[in-house]
Every structure is written in C-alpha cells, then in structure tokens.
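Which chain is which? The protein sequence lines are E and F, in order.
Numbered according to this note's numbering, the first sequence spans residues 30 to 465.
Numbered according to this note's numbering, the second sequence spans residues 30 to 465.
Hints were generated in silico from the structure; no laboratory data involved.
C-beta atoms are modelled at their ideal positions from N, C-alpha and C, and glycine is treated no differently.
Hints should not be assumed to be uniformly reliable.
Quick look at which bits of chain F chain E covers, simulated, 3 or more residues with Cβ under 8 Å [claimed, not checked]:
hint, stretch
1, 92–98
2, 217–225
3, 315–325
Protein chains: 2
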Amino acid sequence: MVRHRKEHGRPHVVVVGAGFGGLACANALADAPARLTVIDRRNYHLFQPLLYQVATAALAPTSIATPIRSIVGRQRNTTVLMDEVRGVDRAGRRVFLSEQAITYDFLVVATGARHAYFGRDDWEPFAPGIKKIEDAMAIRHRILLAFERAEMIDDPKEQRRLLTFVVVGGGPTGVELAGAISELAKTALAKDFHWIDPASARIVLVEAGPRVLPSFPEALSARAASALERLGVELKLGAAVTACDGTGVSVGDERIDAGNVLWAAGVRASPAARWLGAPADKVGRVIVDGSLALADDPHVFVIGDTASVPRGDGRPLPGVAPVAKQQGLHVARTIKAILGGATVPAPFRYRDFGSMATIGRRAAVADFGPVRMSGFVAWILWGVVHVYFLIGFRSRVAVAAEWLWAYLTYKRGARLILGLAGAERADSRPSAAAAN
Amino acid sequence: MVRHRKEHGRPHVVVVGAGFGGLACANALADAPARLTVIDRRNYHLFQPLLYQVATAALAPTSIATPIRSIVGRQRNTTVLMDEVRGVDRAGRRVFLSEQAITYDFLVVATGARHAYFGRDDWEPFAPGIKKIEDAMAIRHRILLAFERAEMIDDPKEQRRLLTFVVVGGGPTGVELAGAISELAKTALAKDFHWIDPASARIVLVEAGPRVLPSFPEALSARAASALERLGVELKLGAAVTACDGTGVSVGDERIDAGNVLWAAGVRASPAARWLGAPADKVGRVIVDGSLALADDPHVFVIGDTASVPRGDGRPLPGVAPVAKQQGLHVARTIKAILGGATVPAPFRYRDFGSMATIGRRAAVADFGPVRMSGFVAWILWGVVHVYFLIGFRSRVAVAAEWLWAYLTYKRGARLILGLAGAERADSRPSAAAAN
Numbered sequence: 030m031v032r033h034r035k036e037h038g039r040p041h042v043v044v045v046g047a048g049f050g051g052l053a054c055a056n057a058l059a060d061a062p063a064r065l066t067v068i069d070r071r072n073y074h075l076f077q078p079l080l081y082q083v084a085t086a087a088l089a090p091t092s093i094a095t096p097i098r099s100i101v102g103r104q105r106n107t108t109v110l111m112d113e114v115r116g117v118d119r120a121g122r123r124v125f126l127s128e129q130a131i132t133y134d135f136l137v138v139a140t141g142a143r144h145a146y147f148g149r150d151d152w153e154p155f156a157p158g159i160k161k162i163e164d165a166m167a168i169r170h171r172i173l174l175a176f177e178r179a180e181m182i183d184d185p186k187e188q189r190r191l192l193t194f195v196v197v198g199g200g201p202t203g204v205e206l207a208g209a210i211s212e213l214a215k216t217a218l219a220k221d222f223h224w225i226d227p228a229s230a231r232i233v234l235v236e237a238g239p240r241v242l243p244s245f246p247e248a249l250s251a252r253a254a255s256a257l258e259r260l261g262v263e264l265k266l267g268a269a270v271t272a273c274d275g276t277g278v279s280v281g282d283e284r285i286d287a288g289n290v291l292w293a294a295g296v297r298a299s300p301a302a303r304w305l306g307a308p309a310d311k312v313g314r315v316i317v318d319g320s321l322a323l324a325d326d327p328h329v330f331v332i333g334d335t336a337s338v339p340r341g342d343g344r345p346l347p348g349v350a351p352v353a354k355q356q357g358l359h360v361a362r363t364i365k366a367i368l369g370g371a372t373v374p375a376p377f378r379y380r381d382f383g384s385m386a387t388i389g390r391r392a393a394v395a396d397f398g399p400v401r402m403s404g405f406v407a408w409i410l411w412g413v414v415h416v417y418f419l420i421g422f423r424s425r426v427a428v429a430a431e432w433l434w435a436y437l438t439y440k441r442g443a444r445l446i447l448g449l450a451g452a453e454r455a456d457s458r459p460s461a462a463a464a465n
Numbered sequence: 030m031v032r033h034r035k036e037h038g039r040p041h042v043v044v045v046g047a048g049f050g051g052l053a054c055a056n057a058l059a060d061a062p063a064r065l066t067v068i069d070r071r072n073y074h075l076f077q078p079l080l081y082q083v084a085t086a087a088l089a090p091t092s093i094a095t096p097i098r099s100i101v102g103r104q105r106n107t108t109v110l111m112d113e114v115r116g117v118d119r120a121g122r123r124v125f126l127s128e129q130a131i132t133y134d135f136l137v138v139a140t141g142a143r144h145a146y147f148g149r150d151d152w153e154p155f156a157p158g159i160k161k162i163e164d165a166m167a168i169r170h171r172i173l174l175a176f177e178r179a180e181m182i183d184d185p186k187e188q189r190r191l192l193t194f195v196v197v198g199g200g201p202t203g204v205e206l207a208g209a210i211s212e213l214a215k216t217a218l219a220k221d222f223h224w225i226d227p228a229s230a231r232i233v234l235v236e237a238g239p240r241v242l243p244s245f246p247e248a249l250s251a252r253a254a255s256a257l258e259r260l261g262v263e264l265k266l267g268a269a270v271t272a273c274d275g276t277g278v279s280v281g282d283e284r285i286d287a288g289n290v291l292w293a294a295g296v297r298a299s300p301a302a303r304w305l306g307a308p309a310d311k312v313g314r315v316i317v318d319g320s321l322a323l324a325d326d327p328h329v330f331v332i333g334d335t336a337s338v339p340r341g342d343g344r345p346l347p348g349v350a351p352v353a354k355q356q357g358l359h360v361a362r363t364i365k366a367i368l369g370g371a372t373v374p375a376p377f378r379y380r381d382f383g384s385m386a387t388i389g390r391r392a393a394v395a396d397f398g399p400v401r402m403s404g405f406v407a408w409i410l411w412g413v414v415h416v417y418f419l420i421g422f423r424s425r426v427a428v429a430a431e432w433l434w435a436y437l438t439y440k441r442g443a444r445l446i447l448g449l450a451g452a453e454r455a456d457s458r459p460s461a462a463a464a465n
C-alpha cells in the first residue's frame, strides 16, 4: 500500500530520524510551505551525550529522553510516525516503512550511528556499547549486578574479577564512562556492602592511541589523564584489545580478568547507504555534496552521523550534536530556498564552537580554540552547557536536580536493576522463583 | 554448599522479601542482638501503590524504587543479598538460594503476591497485570504504542479498537488505572497527534461486583463512580469477563474490541506455602497463628500479602502496605522478645487507620471510619500521604516535583516506549531495521 495523504497538495518533506539533526531540520521547517513527516522507530528524542550517566545510575532514562511528539508534534504542518524504514525507492520517491510506503518530494536521512567492533562483531555480547537507552540500562544492570554477585560469593579471585571494569576507547565517551564507574564504586556504593569493599574496584581504560581524548589538544589530554588517575582509573595507552570473551579481555599480551568490559571505541553509520543505493565511506557514512544532498539526487539529503561531508583538510567531521544540528538547519534552509522564498545557502561549513569532556566530580576539560580550561570551572561549564542544550523544561529541571542531589549526597538515584531484554541475555540466571 | 558465615556467633535472622513488611521488620531489628540477612531477587524496594502511575507515564520507575542497600544496607548487623529463594528446609533451618544455602535461626517470609486470573492463566498475555516495575513499563509501552499505531493506519475500525482500553477490576488499582489512562488520553496526549484524536479514546472499567471500590463505604463508591464518569470512563458493573484474546474481551454477552485489556482483578500469594510445606488458603497465602508464625514452627514467620492471619470476623486482612508494615514490626518485636530484652507482644491485631483511592486530577476518596472525604481535599491528602510514605528523601522530592509539574502543565514526563523483555513479547513488530 502506498499512502500519500494529499493534504493541501503541498510538497512533502520526510525526515527520517529524530536525533539532533532530524529535529533541528524539522523545527526549522515549521514555517515552510510544505508538509512534513518525521519518522523514528522510537517515540522519543534521546540526549545521547548524557547516556553514559544512565549507564552509571546517575540519571533516570526519562530525564534525558523527550517524546518527539511534544517537540515537533504540535507544529501544524508536521506528522510524527513511530515506524521503521525498510528501504527507499529513489526513482519512485518512496520510503518503505514496516507496513506502508510514503512518497516524498524531499527526503532527509538522519538515522545516526551504532557502535562498531572493527570487524570483530563476535565481541559485542562480551563488550556492549552504549548508543540506545536499552544499551545504557543493560549496562547499568551489568555494573550493579557485578557488585551484587561479588557480595554473594566467597571466592576472592572471582570477586576480584567481578569488581574489575575495563572500558575500551579513550575518546570522550570512554573517559566519561570510566570516570563515572570509578565514582560509582568509590563513593555511591562504598558503604552499602557488608562483605566486599566496592572502593577496591579496579577500573581500566584502554586506548589504542598514545593519549586519551585524541581529538583534544595534548595539554588537555594530559590533564584528563591525571584527573582519571586521581579518580583511581588505570590507563593503558598505546594498547589494543586483542581478545574479548565472557571472562575478560586481552590487551596486547596482557590478560585482564574482568566482570565487565564496555565498548566505547568505534562507530558505524546506520544502513542508510544501503537503503539509498548510494556510495559510502569505510564506516558506512553516505557521501554527500556541499549541499548535503546525494551527488546524483538533489531530493535526498543525509546529515549527522550518517553523512560523510567533503572537507578541505580531508579529516571527517566529528560525530557530535553540533555538527548534526548545523547540518539539519542547513538542509532546512536549502529546502526552503528550493521551495522559494529564501536564498540558497553556501555549501555547508561546520562552525566549531569547541568541545568538552567531563571526567568526574569537579573535573572536566574544555577546548574553545584559544581558550582552554580544565578542573572545577570546566566541570561547572560542562554541566551548564549540557543542561542548557537538553530539550524541554522538564528535562532541564530534572537533570539539574538529580546532579545537585548527587553532588550534595554523593549518592546515585537510579540504581535499579531491571529485567531488560538485553540485560536478560547478558545474565544467565533464571528468573522464575521468588515473587516479591 | 551451605554457607553460614559465623559472624559474632549471634543468632541469624533471615528476611526474604524487601517489600513493606520485610523492610519494616529489618529496620526494627537494627538494634537486636542478632545478625540479619535481607534477601530479595531485586536490588530495590518498590513503592507499589504508585506503580500504576509508571504504567500511565506519569512517574519514572526510578522515582518509586529505592535501592534496598541504601535503606537497610548500612545497618551494622545487616547483610543484603540479591538472590532468589528456591526452597526452604525447615528441619535443617536452611534457605536454598540460586547457588548456595544459608542457615537461619529465625526466618521471616515476606515475598508478596502476584496478580491472578481465577484459573484462566491463558488470559495473561492478553490482559497483563501490574505488580512489578517491568509490568508497569510493558503496560506503558503498550498504551503509548496503541496511540502510535492508530496514528499510522487508515482503517477507522482498527483505530477505534486500538483506542479502546478495558480495565478489569474495580478495586483501588483498577479505578486508579482507568482514571489515569483517561487523563493521559484526554489531556497529556490530546494535542500531539495529527490524524487521530486521543481524547476520543474509550476507557471501560469492568467490575464483577455491583460497585467500584467494594471495600469502601457505599457513599464513597458512588462518588468514585461519578468522578470516573466525569473523566469519561465507562463503567460496566455486575459484569464478569467471559473471554479474553488478542483483539479484545467479552464481558457477559457483550464483545468489546480493544487494543489494550489490563488486569487489576485478582491476586495470588507468592509460592511460599510450597517452599515451607505449610497449609495455605485458597489464594495461596500461608496460614499463620496470632504471632504470625507457623503453628508447628515458631522459627518461621510469614507476613504481608503472603500471610493469612486469623481474624475474629472471618474476613481476610486487605493486601495493603499498612498491614504488611505492622506485621513486620510485630515479628521484629516477637524475635527481640525471644532473644531476650523485650516483652512478648500480644497476638497481632491490625490497626486500620483508613484507606484512600485516587481517581484522577482533583478527585479521590478517603475513608477514615467516622471521617469520610472525597474530591479535591481527599486528592491533596492522598498525594501528601503517598509522598510522606515514600522511602528516601530523593524519591519524595522527585515524585512531588513530577506531580507538581504534571498538575501545572497537564503533561506526562515519562512517555518512553522502551524495548523491554515483556513488551517485546507483547509487540510482534520486528525491531531490526532503522538505527537512530
């Protein structure tokens, strides 16, 4: 069934993916002489930069996710569909969803990226990554369960293994995750157990390159490294993971027995290139031109982590929210120009306002080109910026309140182990017996 | 392996289940000359009276769940284990857990109840009940997904079915759930859809008896009924469910096609009677004596929804938090008396301070014997009482803030559809395609 609800007979813009890029585009098209359909397989927009805090029990999932309908659903020209893209027919200008096809005049693909294992997908069950809320909740489950299981057993070697956490990847996510696990163990959980000492947990951060935060200036990498070490995180730099299984990980020649190995090392774009039959780069990103459209099809735009944009210096754009947002806005302007009433913008150029990463309590680094910061001031700034960019008044207040509470009490508010699909697979214990 | 960590050589009290009863008992034993082990298959205590608000997207799961360790884990004589009871050896005074057995001097069983289907367990997949957080999240998923699916399709008959919600059971949970679904549809979601009108949703409350809230005085039942009707809830009283399947429900001779049928009609105690080899009543509750111990075993106590307590008038005690708490306290006093240093308390008698149920915004009923209330005042009181009884400063603030926000904005903050284990089963859509 092809459905094309001919409302007002206006041109139809279909935006697939309600991440930072898709929503920026959809918002900017609210006043366009077009009708707009936003499709996402989720009913919420996720504030991914704080997802690691869900994984480490600092934030509730609801605090960093906002219903897409409450963001763009009230725009008069906009329909929101919770559905999945199965394919695209560019010749017929149709998007195939799970049970229907919809036609488009312009298609904006903003379907993001997943974590990737450099060809070792067999490692995924042993070293989960964090891209979705379910990933984060499953990791929260695994981390908290490791302490619970260590408390239950007598074998000191197995206890040691359970209380060893390895984070693979020294980029911002890996650094933030390692710091957060260390804080969880050494402060929030420290006094809650009777037989084990959570503060004795070993947290190892593995990075194949020579330094953490490789995209930051060297001086800030060094400060991040000392902040991590102050938090008790063990750094293994210039060391690649060579094996990964159910009991731990091998780093170079060294074996580390670990109850939890977490993956923050690689990304792979969503399969948009396949849907579109378009050329892609080595991590699957669709190659677009300066207007962010396919070279051979000006009706199809690709943005955010799904797009590979030509750049003077040959380096790819970082997979961060500001890039996706600026691209979404750029595409919206281009579409408005084509529909008349606006000037066609110049080819896309990313305006880099700087980058930040947090390491833990009172420790962060910020790089704004000439201005560089670290320590307490950078940490406060990081918090303010992240609360500011959260969508929705409620999320801002909720996250700010949860952080304030955690700062004052050293506690974590979201320490639930829930029976999630992903978590059940990771945990082999039967769940039939005691009701409570 | 039998493990009996002989700490201080003190008598060992094992509490199974960290609900209202188990925690009240454990808290009261903090100063007893005994060591204490609290076992629960969850790592959190759940404030069950507000669980329906998680199911209707009003509260986040983290707001009504508190880590057990942060409640009793810091008591110096207390160990918390996250584990499941597989059986009890009363002769050897051992509790069998998933991978070990622990010995006890006193055993307190407080493992609660599950929902029950009066012998029609085959209805469960089509009419889920709410006892666990996962249940509530799965129901939230189903309710929100019904609106999403209705928005996607063109068939008005199927849209009508998807937007029909049937709640079975007119007790407090059923009344609260029906009222909350109605408010969700008619206010929070009302303006967020483009093709369907959520406010046109049909909500039906089915009760086999002649009135809703049968445990309340008739006058308050009548007020609750009018409040429900004002909210747009259709009442079917004196009507029993005769069939239940994937497309709806039969009530007497009437067929109601419904996208969601929710079960709030019956409970069944946890399988403690089987573990203990003890006599039980018809819903599986273990029959105990006036000291809440087994008649033939003064070392084993059973409390809360798992216990059937003799009562002068022959009526069972209601399955509510105050009963469980008072029983937990009573058992703690009895154990202390046996260990010396306290007087053996008189046989357990429930002190009924009254009961309350909320119907929706500004509507509730409260019965305190001579004093009866309904409407706005009862609603405010209901809110204050529930916030007061929430455990932990953080939960109190979080719930109060979420309610205030919802009251002022008419929005719901927890509208996430997550890929939970239970929810995936309920929803047959494949989840492989689009990343985002």
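Hint-by-hint comparison with the structure:
no.	hint	result
1	92–98	holds (count 4)
2	217–225	holds (count 6)
3	315–325	violated (count 0)
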